[in-house]
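Visitor: Using the sequences and the hints, build the whole thing.
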Amino acid sequence: MQVEVKMFMKFRKYLPPDSKNDMAVITLEEGATLLDLRAALGIPPDEHGGTVIDGVAYPEDSVHKLKDGDSVGFFASVAGG
Amino acid sequence: MHAWAGKILRVDLSEREYDIEDLDPYFAKMYIGAQGTATRILYDEVDPTIDALGEENKLIFSTGALVGTGAVTGIRSVWAAKSPLTGGIAFSNVGGYFPAEVKFAGYDMIIFEGIADDPVMLWIDDDEIEIMDADHLWGKDVFETEDIIKSEIDDPWKAMDTRIASIGPAGENLVKIAAIMSDKHRAAARCGIGAVMGSKNLKAVVAHGTKDVSVAVPEAFNKSVNAALGAIRASERASKVFPAYGSAGLVNFYNEVGLLPHMNFKKMALPEAHKISGQAVADGYLIRNQGCFSCPMSCGGPAEVKEGPFEGVSHRPEYETHALMGPNCGIYDPEALLKGNNECNRLGIDTMDMACQVSCAMELYEEGHLPESDAGMKLNFGNGEALVTLIQQTAYREGLGELIAEGGATLAEKYGQPDLFIGVKKMGYAGYDARNAYGMALGVVTSTRGGCHCRAYTLVREALAHAFGPKEMAVDPVSMQGKAEMLMMMQNMQTALVDCAGFCQFSMSGQPPPLLFPQLATATGVNYTMPEVVINGERIWNLQKMFNLKAGITKADDVLPKRLREEPATAGPGKGKNPDVETMLKYYYMLRGWDEEGVPTPQKLAELGLEGQGL
Ligand code: SF4
Chain X
1 MQVEVKMFMK FRKYLPPDSK NDMAVITLEE GATLLDLRAA LGIPPDEHGG
51 TVIDGVAYPE DSVHKLKDGD SVGFFASVAG G
Chain H
1001 MHAWAGKILR VDLSEREYDI EDLDPYFAKM YIGAQGTATR ILYDEVDPTI
1051 DALGEENKLI FSTGALVGTG AVTGIRSVWA AKSPLTGGIA FSNVGGYFPA
1101 EVKFAGYDMI IFEGIADDPV MLWIDDDEIE IMDADHLWGK DVFETEDIIK
1151 SEIDDPWKAM DTRIASIGPA GENLVKIAAI MSDKHRAAAR CGIGAVMGSK
1201 NLKAVVAHGT KDVSVAVPEA FNKSVNAALG AIRASERASK VFPAYGSAGL
1251 VNFYNEVGLL PHMNFKKMAL PEAHKISGQA VADGYLIRNQ GCFSCPMSCG
1301 GPAEVKEGPF EGVSHRPEYE THALMGPNCG IYDPEALLKG NNECNRLGID
1351 TMDMACQVSC AMELYEEGHL PESDAGMKLN FGNGEALVTL IQQTAYREGL
1401 GELIAEGGAT LAEKYGQPDL FIGVKKMGYA GYDARNAYGM ALGVVTSTRG
1451 GCHCRAYTLV REALAHAFGP KEMAVDPVSM QGKAEMLMMM QNMQTALVDC
1501 AGFCQFSMSG QPPPLLFPQL ATATGVNYTM PEVVINGERI WNLQKMFNLK
1551 AGITKADDVL PKRLREEPAT AGPGKGKNPD VETMLKYYYM LRGWDEEGVP
1601 TPQKLAELGL EGQGL
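One line per chain: the protein sequences are X and H, in this order.
So the first sequence is numbered by the working numbering: it starts at 1 and just counts up by one.
So the second sequence is numbered by the working numbering: it starts at 1001 and just counts up by one.
By construction, these hints were calculated from the structure, which means they are not laboratory data.
Heads up, a few of these hints could be off.
Derived Cβ-Cβ restraints for the label pairs, each shown as a range [as the list claims (entries may be wrong)]:
(1) Q1481(H) / Y58(X): 16 to 22 angstroms
(2) A1220(H) / S71(X): 48 to 54 angstroms
(3) V25(X) / G1308(H): 31 to 37 angstroms
(4) M1590(H) / D46(X): 42 to 48 angstroms
(5) D1580(H) / P45(X): 39 to 45 angstroms
Keep in mind that this is a model prediction, so the values were computed, not measured.
Beta carbons: idealized from backbone N, C-alpha and C, even for Gly.
Guide: This is how it looks when you write it as structure tokens:
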């Protein structure tokens, strides 16, 4: 299956080469979780941050199963208001 | 007294006289500072039914209790009065350096009464107080005003340490969304507070102070400050991400979860948002960081557009300005945003209300209600030049600016569409779409100063905790369950422990309440317990509510804009739904000990030591 990733702030450095607009499409095995996606992108476990999958926020260690066509955003921990 | 300077400077502008009064220690303990002390004085001394721009209104500058002590971010203070925009109580929070100079000169508060017959400025140099003519400054913008005043000080070192709060043309022209600016780019923005200053013919307040601010238990205070600094340093969020991107670091994240409004709250979650995010401004325009007094987080700083129609040096905007002046006006060009922000600062206008008026005007135009011949220009969403022109017109009450200057739905009503003004109690709505955070929806509706988000930042639990932790803090953003309780607790706590103490709300990402409380207790030497401080917040909240009720603001005004009530969310966790604020409100009133009309009961008032203050 394929998911679209959007990388923000410090996560931009994990984009595959030749990515445009801080986005990329990643191919994963069926049933892959967010953790599998992090591994596929080469994001080390100590690179902390949060994730939004199709409009809903999840923590970095979520075992949430991804599905084909999901859009996944990676964010450094933001604050303010 | 410790932490507090112990003095109130009372200035009679009509008579050009002043008096210095003692700050009563019991009063200080109960109302702490900033909006707390200002609320009680307004409540006791100002009839809520008066004309906000008339002689009887009082304009109060009130410092947070910890300003000048060295507490971490101990700088935030308020300007307060009866609001010409909402008709209720007004208090506008501001940081920078000006509040510290007032405290170092020896004053916790300045109360302005009456109206000067000609433009004046107040000059405070420790014990030397002078009410001076300001004819030569009237008509000047905020930046020119500060430059002229500083150029009149002979000693360049002293000029550097002198800090100025002033109004621009918007405040002079009684624009009801005018701000009081200090340190050029720091705004006491909301509630039309700049118009109150203008109505008093008060152009500027200049402060220079050299006195020490003492703390009660220095060793314990230093320990509590070091603990807070250590926690901020250890937090990537507070020490790296926030300084790098400012509060506008939130733009992309909130866009993804459907909280960032686009095109007058018509749309959400559009991919264009990334073009105008905090990241985009930091990458392309930020020159360096600049912070407020006693703050290690430095979220501001100059930002430069090098060429083109929006050329010039501005100041990095915070999240609200990004959201409302950017995507909510369909503007995805950071250069237009930087220019718009700078024009508001220069002319002394609240960026948030201004942007809400512009997005309303743009929708009126695009839907064919507002003809191009009336506007004198094309007002399509995304038109950055139109944004800048409308800001300038508003400051001088020219063209459509005459209607915008009245604030609220005045412009929308003129073109027969009052519901296209998105706001609460005539104040433009904060940059969070209520349809994806129901606690925030209730928070904006119940804020005692109008459509404002910053009395309780529920999004820490409704959005940020889900992605960034702590996990146990996360609550379902689009459930009504538990929202009234959560909100009330946060409102009471934040009012007293954060705002009245003078801490910056932004700093809570690094120094949570358990690190704030010891700084307050050891600096003031007041034997507070945390619950007592929270009850002080509840007392202040109830007094603000009573002021508003007496001013004629009722349950009928605690209402979400029609669009957010009736048009379902198109993205985010609330997709397809709307919040039912009416139901949450009933429960909220009950929890607060208010009757079904939202009026504090005599029992509740008595419990808070406010016997006999009922309607
Ligand atoms: S976080 Fe920003 S607004 Fe708050 S005190 Fe620091 S510099 Fe000022």
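Visitor: Kindly indicate which numbered hints from before are broken by the structure, ordering the numbers from low to high.
Guide: Result: no hint breaks.
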